[in-house]
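*Asks:* Listed here are the chains, written in short residue letters.
Protein chains: 2
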Amino acid sequence: MQKKIILTGDRPTGKLHLGHYVGSLSNRVNLQDKYEQFILIADLQALTDNAERPEILKQNIIEVTLDYLAVGIDPKVSTIFIQSQVPELTELTFYFMNLVTVPRLQRNPTVKTEIKQKNFGSGVPVGFFVYPISQAADITLFKANLVPVGVDQLPMIEQTNEIVRKFNSTYEPIFVEAEALVPKDAGRLPGIDGQAKMGKSLGNAIYLSDDADTLQKKIMSMFTDPTHLKVEDPGKIEGNTVFTYLDYFASDKKTVMEMKEHYQKGGLGDVKVKKYLNEILQELLKPIRERRQHFAKDISYIENIVRAGTEKAKIKASQTMQEVRKAMKLNYF
Amino acid sequence: MQKKIILTGDRPTGKLHLGHYVGSLSNRVNLQDKYEQFILIADLQALTDNAERPEILKQNIIEVTLDYLAVGIDPKVSTIFIQSQVPELTELTFYFMNLVTVPRLQRNPTVKTEIKQKNFGSGVPVGFFVYPISQAADITLFKANLVPVGVDQLPMIEQTNEIVRKFNSTYEPIFVEAEALVPKDAGRLPGIDGQAKMGKSLGNAIYLSDDADTLQKKIMSMFTDPTHLKVEDPGKIEGNTVFTYLDYFASDKKTVMEMKEHYQKGGLGDVKVKKYLNEILQELLKPIRERRQHFAKDISYIENIVRAGTEKAKIKASQTMQEVRKAMKLNYF
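Chains as they are written, first to last, in the numbering used here: chain X, 189 to 521; chain D, 189 to 521.
Possibly wrong hints are sitting among the right ones.
Where chains are identical, the list cannot tell them apart; a pair therefore holds if satisfied intra-copy or between any two copies.
[Unchecked claim] BS3-like mimics (lysine-lysine), calculated; alpha carbons at most 30 Å apart, straight line:
1) 502 to 517
2) 462 to 372
3) 517 to 306
4) 502 to 191
5) 514 to 246
6) 306 to 191
7) 372 to 304
8) 424 to 442
9) 517 to 264
10) 331 to 264
11) 485 to 517
No lab work stands behind these hints, which were simulated from the structure alone.
Just chain X, with the same shape it has in the complex (with noise of 0.2 Å):
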């Protein structure tokens, strides 16, 4: 039996962080054996609204590859590569924009967030308008059964499967629909800050880089209780973000409770909890880290998975497009 197949991947924005780590990476490497994983380093999306800067790319692209083996991503059995490499992707993107109204995009829900958060100045680029439609592609060029996502993307994967029921519908029905994988546990791992979103461009990300140093000092100005001011006042847990992390993070669960319990009442200070926290994610970060520095040592080593596993992905996307344009009868003589 054919192993079901997994689409998932990142934009090469810079280097990944812990917030990438409980969001899908881990996810990555407990799927990895079941399922053929791509992972696609999406550096063409990171274009769509970042088109003065593509020199940045290529760092990038091998920084979030360290991240990748350093977590535990195996590129013998992921196949990990990148998007521009791939022009199989905007071929078919092309091929889809007839499919899809320019009024259907407009709704999309995620595209429109996105927009009010990004603040077009002259406007939206169209390479970021159509981008659900690129995505749609990405997942369909690998006959992706499975997309792990958050919550705030299922509109984009709604909107891969009405272009794959359109496209089956108008020419051959050589797509599948994919199905969403939200993670268990959703939710999203909050800042340093105690903001919702840890980001780099927030300054309050934890990167799997961080060295020891810089981890302790990350966490020991970490948000909590702002008015938890003396060790023996009463502090509260929501929102206080070194209890969340704890949350994600300790194994030992009824020791977290156990000090929720003595936080509330009053008498446990913050230092302490922090440094319960740094324990746990030193341990958890050490050997990523350690791994990560390994691999580093040889950049063309890196260079070379990324290379195969676009030579991989590059067999399967021809493979698709030869079906496509049998389908569409574009492969006249």
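Keeping the supplied structure of chain X fixed, place chain D upon it in accordance with the hints.
*Replies:* The following block gives chain D in isolation, referenced to the frame of chain X:
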């Protein structure tokens, strides 16, 4: 010195007619020795508003190529190629989409007009909406210096040159701006029913492939002056399609002038004028029709011409895309 490059072409929507001959085909024959001419059979563009009927494209590609050869386009000097077989066009379109905003596309007068004309029921397909960007890719991929267009297409060249400037300033200056080549005796051949435009869907076209009888019948049915009931009545020249055609096709301008005077004064019947036009058009179209019949005997020869042209176009396309990827710093490894 290198020849300047022309990019021109047609959507393969069926056999070509006298309107095409006047508006572009005869011009291509005149230009093909002086310039390096790429003739694009725009099958992908035909799909943008006709995604459902790809099966007719192949036949139409053959018909259009037959018409090209029949009018004297020489595949030894002009490169006839098929858009969909040069996927670099879709890739370049994809990159260009980041350099144009949605509001800018919405302001494009040509697109505005065409969207109105086409009455898209459930909304404009995205592929149609972005076709000015795709056209810019057609032009720039071949580094065209000149693009023969009608006045109504000038905004498309403007859009292309905006993209060229934006690409050149964002990445590296690898593209040249294109110049619109508006035919001197600009103007559009009306349909035989007197409508401003000759078109397949309007059912008012004289095809280059029409046989002598059909041609004669069409001419005898042409729209003249509906108030010119009796031969002795004075007739009007303005809006009289037969005289419009004579202005286009008669080389004996003096005779035409005399006929016009006679017609306006009264005493010259429509049938006589039509017979004169018939003589002229039969003479023009007979060799075209015969060459077409000759070529139509060997369709595999036609396929070879298109295949060879496409191969040649792909070489140029591949060269340009190497430059594009270098300029965009997408040539990572």
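*Asks:* Checking residue 517 and residue 306: alpha-carbon separation at most 30 Å within a copy, between copies, both or neither?
*Replies:* Between copies, since 24 Å is at most 30 Å while 40 Å is not.
*Asks:* Pop the pair residue 502 and residue 517 into one bin, within, between, both or neither, using alpha-carbon distances up to 30 Å.
*Replies:* both (22 Å within a copy, 20 Å between copies)
*Asks:* Using 30 Å as the alpha carbon limit, work out where residue 502 and residue 191 are close: within a copy, between copies, both or neither.
*Replies:* The answer is within: 19 Å in one copy meets 30 Å, while 37 Å across copies does not.
*Asks:* If the cutoff is 30 Å on CA atoms, where do residue 517 and residue 264 land: within, between, both or neither? Let me know, please.
*Replies:* Answer is between; shortest inter-copy Cα gap is 28 Å, intra-copy 36 Å.
*Asks:* Should residue 372 paired with residue 304 be assigned to within, between, both, or neither, using CA atoms and 30 Å as the limit?
*Replies:* within (28 Å within a copy, 48 Å between copies)
*Asks:* Please work out whether the CA atoms of residue 462 and residue 372 approach to 30 Å or closer within one copy, between two copies, in both situations, or in neither?
*Replies:* within (26 Å within a copy, 80 Å between copies)
*Asks:* Between copies, within a copy, both or neither: which fits residue 514 and residue 246 at Cα up to 30 Å?
*Replies:* between (35 Å within a copy, 12 Å between copies)
*Asks:* If the cutoff is 30 Å on CA atoms, where do residue 485 and residue 517 land: within, between, both or neither? Let me know, please.
*Replies:* Between copies, since 24 Å is at most 30 Å while 49 Å is not.
*Asks:* Go through the copies and call it for residue 331 and residue 264: within, between, both or neither, with a Cα cutoff of 30 Å.
*Replies:* within (20 Å within a copy, 42 Å between copies)
*Asks:* At most 30 Å between CA atoms: does that hold for residue 424 and residue 442 within a copy, between copies, both, or neither?
*Replies:* Within. Shortest intra-copy distance 18 Å satisfies the 30 Å Cα cut-off; inter-copy 100 Å does not.
*Asks:* Indicate which option fits the pair residue 306, residue 191 if close means a Cα-Cα distance not exceeding 30 Å: within, between, both or neither.
*Replies:* Neither. Shortest intra-copy (38 Å) and inter-copy (46 Å) distances fail the 30 Å Cα cut-off.
Hint compliance for this structure: hint 6 is the single one not met.
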